[in-house]
Amino acid sequence: MGEAEFLFLLTGLKWTVLLSLVGFAGGGICGLAVALMRSSGIAPLERGTAGYIALFQGTPLLMQLFVVYYGLALVGLKLDAWVAVAIGFTLHASAYLGEIWRGSIEAVPRGQTEAAKALSLHYVARMKDVILPQAIRISLPATIGFLVQLIKGTSLAAIVGFTELTRAGNIVSNQTFKPLLVFGVVGILYFLLCWPLSLYGAHLERRMAVAAR
Amino acid sequence: MNYRLDFTPVIEGLPDLLLACLGTFGLALGGMALAIVIGVGGVILRDSRIAPLRWLVKGFVELVRNTPFLVQIFFIYFALPLAGVRLDPTPTAILALGINGGAYAIEIIRGGVQSIGKGQIEAGLALGLHRGQVFRLIVLKPALRAIFPSLTSQFVLLTLTTSVCSAISAYELTSVAQRIESESFRSFEVFGTITLFYLVISWVMMRFFSAISQRYFSYPVK
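Keeping their order, the protein sequence lines are chains A and B.
When the first sequence is numbered by full-length UniProt numbering, its final residue is 213 and no position is left out of the sequence of numbers.
When the second sequence is numbered by full-length UniProt numbering, its final residue is 222 and no position is left out of the sequence of numbers.
Hints should not be assumed to be uniformly reliable.
[To be verified] Straight-line Cα separation of at most 20 Å, SDA-like style, residue types lysine to any residue; simulated pairs:
1. A:K178 <-> B:I76
2. A:K178 <-> B:F78
3. B:K58 <-> A:G201
4. B:K58 <-> B:L34
5. A:K178 <-> B:L82
6. B:K58 <-> A:A202
7. A:K78 <-> B:F185
[Said to hold, decoys possible] Computed spacing ranges between beta-carbons, pair by pair:
8. B:S210 <-> A:G161: 34 to 42 Å
9. A:A43 <-> B:R207: 48 to 56 Å
10. A:G48 <-> B:F185: 29 to 37 Å
11. B:A51 <-> A:Y123: 53 to 61 Å
12. B:F25 <-> A:A43: 53 to 61 Å
13. A:Y123 <-> B:S48: 50 to 58 Å
[Stated by the list, open to error] Which residues of chain A face chain B? A few of them, derived with a C-beta cut under 10 Å, are:
14. L13
15. G48
16. T59
17. Y69
18. Y70
19. V75
20. I151
21. S155
22. N170
23. T176
24. L180
25. V182
26. F183
27. I188
28. L199
Hints are computed from structural coordinates only; laboratory data are not their basis.
Even glycine gets a Cβ: it sits at the ideal position worked out from N, Cα and C.
All chains, full assembly: derive it from the sequences and hints.
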């Protein structure tokens, strides 16, 4: 494996990072909406989002990507593989983040909501200024944990045909006939991406465990 | 667009697909069994007196948990023949699932063991229980109770991950679906249908685990 092949892997890494970022950002925005609906106290909204979350947590990510990928083509949307895959990851992330954040919103002590209501704060101010800032702190370790899961999950885009790091590895390994070396390097690149995040998440978790004592 | 859904290939392939569900179950069961073995063994080594063993287990857990399963399965798939081991794709997939699940199991089981306070064990001995009774009544059951929810949800995740094993064409639901899809080009119908299969599989597993949990791990109500 020469310099050119390694550079090709790095191009793949770039797409992995971009796809993860887009999925995380899109999933974050939609996931916030899911979390707010899931904890809104309005029965149809709660049931609907509960079903949405169960659907995504009960099926393989690979199937979600396949169904979104072919489903979008079916309704006549001629989309780039890149866009279709990004939509798939956004939906996937929105369900998982929605569930994580619902948990954190509900973990904020009830007294906070009651105090905000007593101060006659309306829903938006109550959420934006009182509940969510505390919920975000609580959710941080789990959110980072999911980000790592999402980065690893983007490798499945390779099976759908999007050239990110894993598929770049496939291509290079087919050219060089050195699969062990290539996938070893690919694994190390993923590790370098994910490990610092995992360490940071574990650090936050420990700190919060100490604070809670 | 004037696309008409056509489920004929799915209906014709239904026996194959249902049979492939057994393949998925096989992969999942094999993976879980191996994961438990690696998990328990890993926990014992993780807290051993020999420092290099501890580092080895720690490194293994970090490495597996921070790389994608797809890369792991490719690596194992290509590494085994070089190590002189000839394995079919399906046993290779079980091995990969077990190694992946095992790394998560080590962390989960370790948390369970640590949740048992030393004072509990001492109290048991002080009450005149045998070492075996202390282990069975005071260590094992509460530890199992503590790890059961996270371990079983990890197992459901492992079962869903079996779909990735289609990448090395192991025998399971997704690879059979891909074959039917490549013959009929009814991609959405085929994958949509087996997505529902997976939903049912994971739902049944969750019900099964929660039934076990209620039967064996609920606190006695007086």
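Consistency of the hints with the structure:
Straight-line distance between C-alpha atoms of A:K178 and B:I76 comes to about 13 Å, which keeps the hinted pair within the 20 Å bound. For the given pair, A:K178 sits about 9 Å from B:F78 by alpha-carbon distance, which is consistent with the 20 Å threshold. A distance of roughly 17 Å separates the Cα atoms of B:K58 and A:G201; the hinted pair therefore holds under the 20 Å criterion. Proposed proximity of B:K58 and B:L34 is supported: the alpha carbons are some 18 Å apart, at most 20 Å.
Straight-line distance between C-alpha atoms of A:K178 and B:L82 comes to about 11 Å, which keeps the hinted pair within the 20 Å bound. A distance of roughly 14 Å separates the Cα atoms of B:K58 and A:A202; the hinted pair therefore holds under the 20 Å criterion. About 17 Å separates the Cα atoms of A:K78 and B:F185, which keeps this hinted pair within 20 Å; it holds. Taking 34 to 42 Å as the suggested C-beta distance range, the pair B:S210 and A:G161 conforms, at roughly 38 Å.
For A:A43 and B:R207, the hinted distance range of 48 to 56 Å is not satisfied, since their beta carbons lie about 24 Å from each other. For the pair A:G48 and B:F185, the beta carbons lie near 33 Å from each other, so the given range of 29 to 37 Å is met. For B:A51 and A:Y123, the Cβ-Cβ distance of about 55 Å falls inside the hinted range of 53 to 61 Å, so the restraint holds. Between B:F25 and A:A43 the beta carbon distance is about 36 Å. The supplied range of 53 to 61 Å is therefore violated.
Separated by about 55 Å at the C-beta atoms, A:Y123 and B:S48 satisfy the suggested range of 50 to 58 Å. The interface hint given for A:L13 is broken, as the beta carbon of that residue sits about 12 Å from the closest beta carbon of chain B, more than 10 Å. Checking A:G48 against chain B: minimum C-beta separation of about 17 Å lies over 10 Å; hint violated. At about 5 Å, the closest approach between the beta carbon of A:T59 and any beta carbon in chain B falls short of 10 Å, and the interface hint on this residue holds.
At a threshold of 10 Å, the smallest CB-CB gap from A:Y69 to chain B is about 8 Å, leaving the interface hint in force. Checking A:Y70 against chain B: minimum C-beta separation of about 4 Å stays under 10 Å; hint holds. Look at A:V75: its Cβ gets to within about 7 Å of chain B, closer than 10 Å, so that hint holds up. Given the 10 Å rule on beta carbons, the hint for A:I151 holds: about 8 Å separates it from the nearest Cβ of chain B.
For A:S155, the shortest C-beta to C-beta distance to chain B is roughly 4 Å, which falls under 10 Å, so the interface hint holds. Look at A:N170: its Cβ gets to within about 8 Å of chain B, closer than 10 Å, so that hint holds up. For A:T176, the shortest C-beta to C-beta distance to chain B is roughly 12 Å, which exceeds 10 Å, and the interface hint is violated. Given hint, A:L180 at the interface with chain B, holds; its Cβ is 5 Å from that chain's nearest Cβ, closer than 10 Å.
Hint status for A:V182 relative to chain B: holds, with the closest Cβ pair at about 9 Å, below 10 Å. Annotation: interface hint on A:F183 holds; nearest CB of chain B at approximately 5 Å, less than 10 Å. The interface hint given for A:I188 is met, as the beta carbon of that residue sits about 8 Å from the closest beta carbon of chain B, less than 10 Å. Interface hint status for A:L199: upheld, as the beta-carbon distance to the closest one in chain B is roughly 9 Å, under 10 Å.
Hint violations for this structure: numbers 9, 12, 14, 15, 23, all remaining hints satisfied.
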